[in-house]
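Residue numbers (the working numbering), protein chains in the order written: chain A, 692 to 1089; chain B, 692 to 1089; chain C, 692 to 1089.
A hint or two may mislead.
For chains that are exact copies, the list does not tell them apart, and a pair is met inside one copy or across any two.
Below, simulated DSS-like cross-link-like pairs (lysine-lysine); rule was C-alpha separation at most 30 Å, straight line [to be verified]: (1) Lys763 - Lys993; (2) Lys1024 - Lys1008; (3) Lys720 - Lys761; (4) Lys910 - Lys763; (5) Lys963 - Lys1008; (6) Lys928 - Lys910; (7) Lys910 - Lys761; (8) Lys746 - Lys910; (9) Lys763 - Lys1024; (10) Lys977 - Lys944; (11) Lys944 - Lys1001; (12) Lys963 - Lys1001; (13) Lys891 - Lys993; (14) Lys1008 - Lys977; (15) Lys763 - Lys1001; (16) Lys1008 - Lys910; (17) Lys891 - Lys1064; (18) Lys1024 - Lys963; (19) Lys761 - Lys928; (20) Lys1024 - Lys993.
By construction, these hints were calculated from the structure, which means they are not laboratory data. Nothing here was measured: the structure is a model prediction, and the numbers come from that model.
Chain by chain, the residues:
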Amino acid sequence: MTKTTCCCHGCLSCFFDYETPRTIVIQSKGVGLLFRFINFLIIAYVFGYVCYLQKGYQDTDSIISSVTTKVKGYSFTNSSNLGPHIWDVADFVIPPQGENSFFVLTNAIITPRQTQSSCPELPTTSTICIADCDCTEGFSDPRGNGIQTGLCVNYSDTIKTCEVQSWCPLELDVNIPEQALLGAAENFTVLIKNSVTYPKFNFHGRNIMSDIVNTSYLKRCEFNRQTDPHCPIFHLKTMVSEAEEEFQTMAVKGGVLGILIDWTCDLDWWGKPCRPQYTFRRLDDKNPTNNVAPGYNFRFAKYFYNSDGKETRTLIKAYGIRFDVIVFGNAGKFSIVPTIVNLGAALSFLSLTGAVCDWVLVTCTRRRHYYLKHKTTVLDDSDDTTESLSMGTTYGTH
Amino acid sequence: MTKTTCCCHGCLSCFFDYETPRTIVIQSKGVGLLFRFINFLIIAYVFGYVCYLQKGYQDTDSIISSVTTKVKGYSFTNSSNLGPHIWDVADFVIPPQGENSFFVLTNAIITPRQTQSSCPELPTTSTICIADCDCTEGFSDPRGNGIQTGLCVNYSDTIKTCEVQSWCPLELDVNIPEQALLGAAENFTVLIKNSVTYPKFNFHGRNIMSDIVNTSYLKRCEFNRQTDPHCPIFHLKTMVSEAEEEFQTMAVKGGVLGILIDWTCDLDWWGKPCRPQYTFRRLDDKNPTNNVAPGYNFRFAKYFYNSDGKETRTLIKAYGIRFDVIVFGNAGKFSIVPTIVNLGAALSFLSLTGAVCDWVLVTCTRRRHYYLKHKTTVLDDSDDTTESLSMGTTYGTH
Amino acid sequence: MTKTTCCCHGCLSCFFDYETPRTIVIQSKGVGLLFRFINFLIIAYVFGYVCYLQKGYQDTDSIISSVTTKVKGYSFTNSSNLGPHIWDVADFVIPPQGENSFFVLTNAIITPRQTQSSCPELPTTSTICIADCDCTEGFSDPRGNGIQTGLCVNYSDTIKTCEVQSWCPLELDVNIPEQALLGAAENFTVLIKNSVTYPKFNFHGRNIMSDIVNTSYLKRCEFNRQTDPHCPIFHLKTMVSEAEEEFQTMAVKGGVLGILIDWTCDLDWWGKPCRPQYTFRRLDDKNPTNNVAPGYNFRFAKYFYNSDGKETRTLIKAYGIRFDVIVFGNAGKFSIVPTIVNLGAALSFLSLTGAVCDWVLVTCTRRRHYYLKHKTTVLDDSDDTTESLSMGTTYGTH
């Protein structure tokens, strides 16, 4: 029989053949130990590190989240320009609802009863004037507050500045109150409701977990990392302290505080229950150097018509703390593809072990020449002539 | 020639050597079948599961998205305290624009003409008093509404409570209207425009797809899962129904409804066109047990100056449905790296097949000793002496 | 000794055995070259493409981000209905603060002094009437503006329409100003502060990088892709131009502009410093075909009490540009798991190389029969009888 016979008699017989390498067993303690030691390392890596620590057998999904917040509290102030005044949620939470953040007013520069009219510009080197000729009608300084009318008018008893058409009187924002107007905001509380979904695993979770909290607990609890880590009601002061900031200092010029909710979850049934972890971090840069417009503030206005029917507004430069609720995390669940990929990659290294040990065997061992002789046969090109003869017989059975 | 000659004559000749294992072919139907069956399973897994189902040959990217919404509709109410009143978009969408969400007012407790003044506190066990001595001037109860003035005044004909300084008259929010004020909001529609990008693949998409909708269709269509799955205009009632909720019930105390837009896409040219899928799900917990502040509401105020020039406000506790547009998804596109990784990992298992079949061969087959004899040679340590002799001749050609 | 002896004498000796394939070395230039060339390709792919280009040795994390924005600028308009008017930030940034976006008003249809009353509906084919009988009391057209009172009244000298109860007078929004009211908004600037975190790597970054900018630079700089790529202050016009749009055109009907901040980072110490890259892209569809409600606008109202104590509002249909700050990116850092996975997968292909070369060897080479004879031994089933005999002796040492 020649080789072609195989194909003639049908591939069926070839189909049932099994081809396997011929091997030699070498009784070398050193190489045997090395081989098993490397394999042990690889297996330990796979099961210890990849499977146990990194959970390489898991498929992951990223989070989608929805947040609602509700601030509670009120505060009484008695400032010189406002008089006695109660501030409640409708006054100090601006805008009244956000998506993933809420702003609590802590300080404010209030400029009431502004109208569209003319008034002297705030004094700077470019606006102080002596006579009308120092001012240019229609000129609009990008760093100014309005369109110059061309007149030079008294800003105070001693200073004259160019008159501008603008919302008058102008806001004077150089001196912000050194003590925060609503420093009492530190006692306000906020209820955060967070609903998350991992769509790939059809997992839905809430930060108010029905298995560990109940209605009566929720009505009286307050977040505390040690004693109440799952209470969704947070004292503003607690949050700022957790971020290692001082509320009263932060309240003066405002800032941005991140409420980070970590939903990293192991969704396998043998994993721990999925619980959110809260951390807090100041997100804006309080460092005064290499910075611009430190703190956090914005301007808004309340519009009225005054008794003359003229549009009037109260301009408020609101300083305060913006709390950004940032929900993040990844869920992992057993999946066959990453398992195969991680195991397969490690298996490749097992086959590499053989190559390493072979190299050691024929290079570093005392009896390397003996091993090499038995392991490897070098085909001599001069055998070529004998090949065609012997093939017919030796190889015929294939 | 000795082994060192090779190195002397140059590595060039070694470089062209090809070393390959010697193998034996075993005509065993069982093991041959097993070998081919396991390999078939692995190949089926790779092509069927990894490539076809899991698209393991794809690199993925996560979405970035921008959403704009526009609510349309108006409603007529005739309540006892407001009188006949038309509500339009500027009245019931608060704030007028959001980023990824919009709020539609469905119910409200309106407390008009509040001013900073004094009035009797709402009656609770701690605020009911008989004489002024029951009240403490300057005391501020965290669960109350203002600073006590120290007086005990008539709340009603029968009840006296401590007077507080606050925005007066106080809001009375215990009795919310049992039928939603703006129940007609169920007929409002919203146009959702969603623009997405997968930056890694430079893919830009919109939920208004120019290839399947045109302007005239957009002007009259309405989303319907069966008949109009790509119309970007949604009836509020349809969305709530799709989430298996009842609009009128949800409207009373409010809630949060997720509009989930799934942009999971196969961006390969042989994939399906990339189309968004809309689903709807209630995100807040309507379960009254293990819950706090169920529903969704927030307070805001409209500020005025009254005819005396005193600041006045209308406080509105707004109940309603917040619609959160949540855009998610992953795009996949052929990439060489994940392909190699997945194929490579499966290849490793192919090499494992050999190990499994070898084990079966020398353990479970009837003729295992025969196979083992031919497959494996055990080097005897006692051959050591012959080695140094034979090496020079047998191995010299290497 | 029989095979069982091994197990009797203890597995210890087996444990130190090392089994390795017997190989033949074939001095074939062609196959040797092929083998080395394929291996070279695989190694080049691994180190060149996977490691260098794709950074396959890195674990990745997705970004979490917080954005604050502050618009600066003011503008003077002198329109027929408003008279001379200064617009400042409190007027044209609506709402005064957003989370990841801000809206700048550029055009507006203002309908002042609306009250809840009755007025003629806007003329359309369905609202034009001749007599009261053409109108239905209580009818509410979804495309109309209010509840019909049943009267037919003069809309103008020539046209009569059904009277509706609504916020009157009705808004007339068909003719929007052809030149944007606040076209001067192109000169406004915005300061964007962005703080990002990669939680897995505990990396925190800001777009105002203290190592390359200082306070004095920040006070005068303006973003320019060539000269000031790291200045966080952006001219609105520059951003729109970078998106290849014309500000004045876009300002008329509004639009949505994406400010994309790419934080793709290599966090390994040998990587480049992590710097944000800004790009700009129009996100809404300006194409008038296959579109609905092009541009970007929303309605809001300012509420007053008029001198009669009646609630009055100024309705504003605000056209403008919404700037969405979209922060995205992935950070990568060396990690052992993806490294092992990528190297392992490539290693598998190295073992595949052997299979390919073997196939070439026994199929395509001139001396294939000779090679095959030495490489492969076919076990003949007829040897079965000799097996049991020889086993005892030949295989006894195992």
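Taking the hints in turn, this is what the structure says about them:
no. : hint              : verdict
1   : Lys763 - Lys993   : both (23 Å within a copy, 19 Å between copies)
2   : Lys1024 - Lys1008 : neither (49 Å within a copy, 43 Å between copies)
3   : Lys720 - Lys761   : neither (71 Å within a copy, 73 Å between copies)
4   : Lys910 - Lys763   : within (13 Å within a copy, 38 Å between copies)
5   : Lys963 - Lys1008  : neither (47 Å within a copy, 40 Å between copies)
6   : Lys928 - Lys910   : within (19 Å within a copy, 33 Å between copies)
7   : Lys910 - Lys761   : within (14 Å within a copy, 37 Å between copies)
8   : Lys746 - Lys910   : neither (38 Å within a copy, 49 Å between copies)
9   : Lys763 - Lys1024  : neither (39 Å within a copy, 43 Å between copies)
10  : Lys977 - Lys944   : within (10 Å within a copy, 39 Å between copies)
11  : Lys944 - Lys1001  : between (33 Å within a copy, 29 Å between copies)
12  : Lys963 - Lys1001  : neither (64 Å within a copy, 58 Å between copies)
13  : Lys891 - Lys993   : neither (46 Å within a copy, 44 Å between copies)
14  : Lys1008 - Lys977  : within (19 Å within a copy, 36 Å between copies)
15  : Lys763 - Lys1001  : between (36 Å within a copy, 26 Å between copies)
16  : Lys1008 - Lys910  : between (35 Å within a copy, 20 Å between copies)
17  : Lys891 - Lys1064  : neither (57 Å within a copy, 53 Å between copies)
18  : Lys1024 - Lys963  : both (12 Å within a copy, 27 Å between copies)
19  : Lys761 - Lys928   : both (16 Å within a copy, 26 Å between copies)
20  : Lys1024 - Lys993  : neither (52 Å within a copy, 50 Å between copies)
Consistency note: the structure conflicts with the earlier hints numbered 2, 3, 5, 8, 9, 12, 13, 17 and 20.
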